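Participant: Protein chains in written order, with the working numbering: chain H, 1 to 353; chain R, 1 to 353; chain V, 1 to 353; chain B, 1 to 353.
Calculated directly from the structure, the hints in this document are not laboratory data.
Take the hints with a grain of salt, since some may be wrong.
Just so you know, same-sequence chains aren't split out, so a pair can sit in one copy or run between any two.
[Said to hold, decoys possible] Calculated lysine-lysine pairs in the DSS-like style (CA-CA distance at most 30 Å, straight line):
1. K138 / K127
2. K110 / K221
3. K127 / K56
4. K138 / K221
5. K221 / K127
6. K138 / K110
7. K110 / K56
8. K56 / K138
9. K56 / K221
10. K110 / K127
Every value quoted in this text rests on a predicted model; they were computed, and no experiment measured them.
4 protein chains.
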Amino acid sequence: MQVGMIGLGRMGADIVRRLTQHGHQCVVHDVRPAAIAALEAEGAVGADSLATMVSKLSAPRTVWLMVPAATVEETLAQITPLLSPGDILIDGGNSHFRDGIRRGAELGQKQIHFVDVGTSGGIAGLKRGYCLMIGGEKDVVTHLTPIFRALAPGGNDGPEAVKAAGQHASDDRAAAEYGYLHCGQHGAGHFVKMVHNGIEYGMMAAIAEGLNILKQADIGKHAQEVGAEITPLRNPEYYQYDFALPEIAEVWRHGSVIDSWLLDRIAGALRGDPALSQFAGHVSDSGEGRWTLEAAIDEAVPAPVLSAALFSRFSSRGQDGFANQVLSAMRHAFGGHHETVAKASVPSSKSDS
Amino acid sequence: MQVGMIGLGRMGADIVRRLTQHGHQCVVHDVRPAAIAALEAEGAVGADSLATMVSKLSAPRTVWLMVPAATVEETLAQITPLLSPGDILIDGGNSHFRDGIRRGAELGQKQIHFVDVGTSGGIAGLKRGYCLMIGGEKDVVTHLTPIFRALAPGGNDGPEAVKAAGQHASDDRAAAEYGYLHCGQHGAGHFVKMVHNGIEYGMMAAIAEGLNILKQADIGKHAQEVGAEITPLRNPEYYQYDFALPEIAEVWRHGSVIDSWLLDRIAGALRGDPALSQFAGHVSDSGEGRWTLEAAIDEAVPAPVLSAALFSRFSSRGQDGFANQVLSAMRHAFGGHHETVAKASVPSSKSDS
Amino acid sequence: MQVGMIGLGRMGADIVRRLTQHGHQCVVHDVRPAAIAALEAEGAVGADSLATMVSKLSAPRTVWLMVPAATVEETLAQITPLLSPGDILIDGGNSHFRDGIRRGAELGQKQIHFVDVGTSGGIAGLKRGYCLMIGGEKDVVTHLTPIFRALAPGGNDGPEAVKAAGQHASDDRAAAEYGYLHCGQHGAGHFVKMVHNGIEYGMMAAIAEGLNILKQADIGKHAQEVGAEITPLRNPEYYQYDFALPEIAEVWRHGSVIDSWLLDRIAGALRGDPALSQFAGHVSDSGEGRWTLEAAIDEAVPAPVLSAALFSRFSSRGQDGFANQVLSAMRHAFGGHHETVAKASVPSSKSDS
Amino acid sequence: MQVGMIGLGRMGADIVRRLTQHGHQCVVHDVRPAAIAALEAEGAVGADSLATMVSKLSAPRTVWLMVPAATVEETLAQITPLLSPGDILIDGGNSHFRDGIRRGAELGQKQIHFVDVGTSGGIAGLKRGYCLMIGGEKDVVTHLTPIFRALAPGGNDGPEAVKAAGQHASDDRAAAEYGYLHCGQHGAGHFVKMVHNGIEYGMMAAIAEGLNILKQADIGKHAQEVGAEITPLRNPEYYQYDFALPEIAEVWRHGSVIDSWLLDRIAGALRGDPALSQFAGHVSDSGEGRWTLEAAIDEAVPAPVLSAALFSRFSSRGQDGFANQVLSAMRHAFGGHHETVAKASVPSSKSDS
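Use the sequences and the hints to build the structure in full.
Facilitator: Written as structure tokens, this is what we have:
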């Protein structure tokens, strides 16, 4: 098939590469000419403007947007007038599912088909394939099947796997085993991707908290502060361990219950840098974690783990600062307590920054 | 009555003052001679050693320990051999209730009565009186009633209140209305005080989080970072408020549901220093919050609020540093994301330190 | 002053009563004629329709809406066409602050002044007075001062307190000490009320968790289940306490750090019903707790305690059911574990329902 | 090698099977004769008493305990007198690491070597191999290498993998890649296993919460309760999705960031039973999750995600019942609110029980 790709950042460029490798023709555009040139060298067709891109695509056209969430609206405003009824617009970025619902309706009035594709896989996706969570009209999604098969991991597995998957009663089931899925109407793809990222935050935080507990398991070796307001560690003899985190993360990858792709990542990172000293610990969040919580709240679904994971990221960026000042002020007011600046047993990103 | 007081810090000294004001005779000791002298000037009898203290008390003696949790064990080892069967030892500090159970049993073998008294009230207690949560043998606690009445807030209210309280069917009920209570056997006083402090942490954190949300309600006025990994604030028009925190804390003190003694404290602190700039936000914890959680875990009682409050204090001291580095390392490993050091919208204690 | 009141439920009726007691004239309307009649008997002027109400008020009129959040929009649509430029509309209910911003702008185009008043105090407010958090135009709020003074607790204190409060440099400061405050532009009143309720949820949960820990402190007396998957209680000797919760809640009210109006409530409830057996424990939430979290998320402010409190309420209503089924299914899948229906040591509201 | 196995439950029996398959001789004992007979039929040597077992093992003996945590102490008391200096005792169950430290010291005084082996893998371990986290004396652990290689997953991979792994500079690194690791002194194995399980709880809860959010994404289709105390869903149009959870769990297994062994488990369970109707949702916890939190508290390491996961399990068993009653009682006391028994949008295990 023929696909126009707008946005050739890390994700957009790799998707083009993978599509090209699977025999699809990509017409590519980016605000940076060098990004276009790089993919031209790998077989894509460059387009120095959106109008040029549209002119190089045969109707009905498929145009994939892979731009930052903050610029999707503007890019849609530019590309839409250039398209014709029957064309398909894919938003593959990290958009809010509510925008997907709205955009699907707005574009539908112009007879342009909107498809929202939540895309997971990161920088590994070029080789591994991407997990694609898709929302939109059923027949439009079916029409795009060749593209999704090329991008999803199962597409690498060759005819045997295809055949085996094909024997399932349900097309959705087969698709899911490839690694792509039509999840429902407009916005469904980004809804499922949103929850995926919410889970991701929770799993990452679980691993991070656990490794931190192992890291500080030598606390019994260190002298403790003593004071009227500080309780001594009751059993220092239990915390005398110097754990080798790279090996522990590695052993968990083999046969344990927490074996996971995320654990693979941190095992790799720890192997090269056991103290993770190149990271200060200011952890960003990209939107989906927040929206997952908002959905949970709207639905009255308890999400204590997902929220704790999100809030830890906020705190890692110092956003709990004033709340902590309030606590210290109250302690001073009722107990006359002055702040004790404890020397953390591990170098803290916060006190270093 | 006659009371020996060991430990003349903030709490010990004020307890002596309040007992003295209510006509009790206090024999006082501290490792700092100046602390003894100060209370002698206010009517207490000084003792330059534990042996001297014991010699100045008539049997059966009542000795109150008000020393840091870390030194209770050592002080007990020194005083116990000087006491006689029938004497009473009170631990009024922040000891673990498990130690109270053990100490009660150990001292009981020597026919010395042990009483654990959880003491709440802080620096306000001298005037306001203390809330006393008491564990030990019933008749011993009854014997000490005059002391507890002098220290508890209700003791200020004079005969009318005494009479009114006395009309209750239950002595415990009357005592509770004074502000002291025999909670149960050895350790019961410190158990109840422990849970009190656990609740205190949760209430403080609730107030602190709420004020932080008000503080940052002007975020829509500030330029936001934009990037592939950062979601823009969807509705900056909703966050244009410059709230006057001192007045808000004050208004809540009058007729609201969250009217509380802790709110009084923060309202006072904010009045003098609206930005709380004298506090860096390194929040200590003194033991009871931790033990409360351990009890919850042992009992299989969910305590998500109390634990979140405790963990926020740990994080305020940078103890989440390595966990955050793990998160950044994972994000880099799967997404190629580099850390973005966001400029916090309020001065953060962490990035300042 | 003259005030029209629409909505004579618990809160609306008591506000009318308090205004009437302070010499203000109230014209009252409700969809239930009996509610109108009841207040007529207490001195209010009844109005059987909104048009009648408007006709009985002199311009510039002040109309106060005290209706459920779900019906504010509809009521506004009915009353607005009846009003004239210069009239004032007050929304005293539990509306979202975002609606306040919108309504302020919409009504402003018709030269009708909108004022949002977050009202705290509950059924105690009639006697105690209400804490009023107010948003809107400064001069309009100033114009309404006599009403707010009548409703706020400080209004009970008479001329001495008025005079003392008046000596403060800032009008806002004096107002806050009365118990009402102009918090800022449209929506500010409901924003501050929203955060107030968020804090309320957190404080309530802290108390509830603490009391639950005390309640189950006798767990060591009960036989424990034993099995490959269940860890035995390591130290049953530490959990042998039968705490008298009514007395403990009472003693905390006298001199403790957690002394609070909420603690007063639960102490009263426990006194009459120590097991709280009339309550099943299905805890509602009314919106503000949710919106507080959404604001925290928008602002990137960590709110782990406020979120834990909200999510506990969701769980109390069984909203965690499917998540728990997922956990059991995973445990069965990887460990072959079958569910053990533990006999809870306290009667559970959930298993009773 | 020759290994004595005490305890032939699910885990013990499968470990015997895997050892036998790899050419080791197992002498097996259980209190249930049928369990012994079953393994005799598969090549193991049965022993109808501990004394018989010991007599059938050549010194220095290796005896592996695979019994419930609650019976380890008793079993150790029975087997120890039968052993000789130089023998090795392995505790492979879910013991507390503190017991491992103590037992290592106690047995060491008798010149019996104690090794604690945290064993992860569940019922899949027979085929997949087990992840083994090991504590004890270095040379003793080295001596047991053939056993650990047989049990760990890497042992299946044949000489190529062995050779490749062997080329690593560190023996620990090679071992970790097999799936076993000497983590440190006595207790280290159970400490690392404890944290593993803590992480497991967190990851499970993240998945469970996410699936629950997807499950209830149709809430906008259902009529909402309306009342003074209940906020209406502001945007029902956003929650109209009927997500197919089995397919979504499946698609996430292919190329996503949350691809994990736990996700494989729930995808399998959902495939056969999309509503998970065979599970009531009473989720047990086996000790390690609790101990992980206790370690975090002792170390002052924040663990908000791990604690939220644990507390959700407590709540699933109704342990939050009294706390919820307290909340309802407070709401009634201050607002006159009566409980509204909301009809949950999904069948709740709690209200069904």
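Participant: What hint numbers does the structure not satisfy?
Facilitator: Failing hints, ascending: 5, 9, 10.
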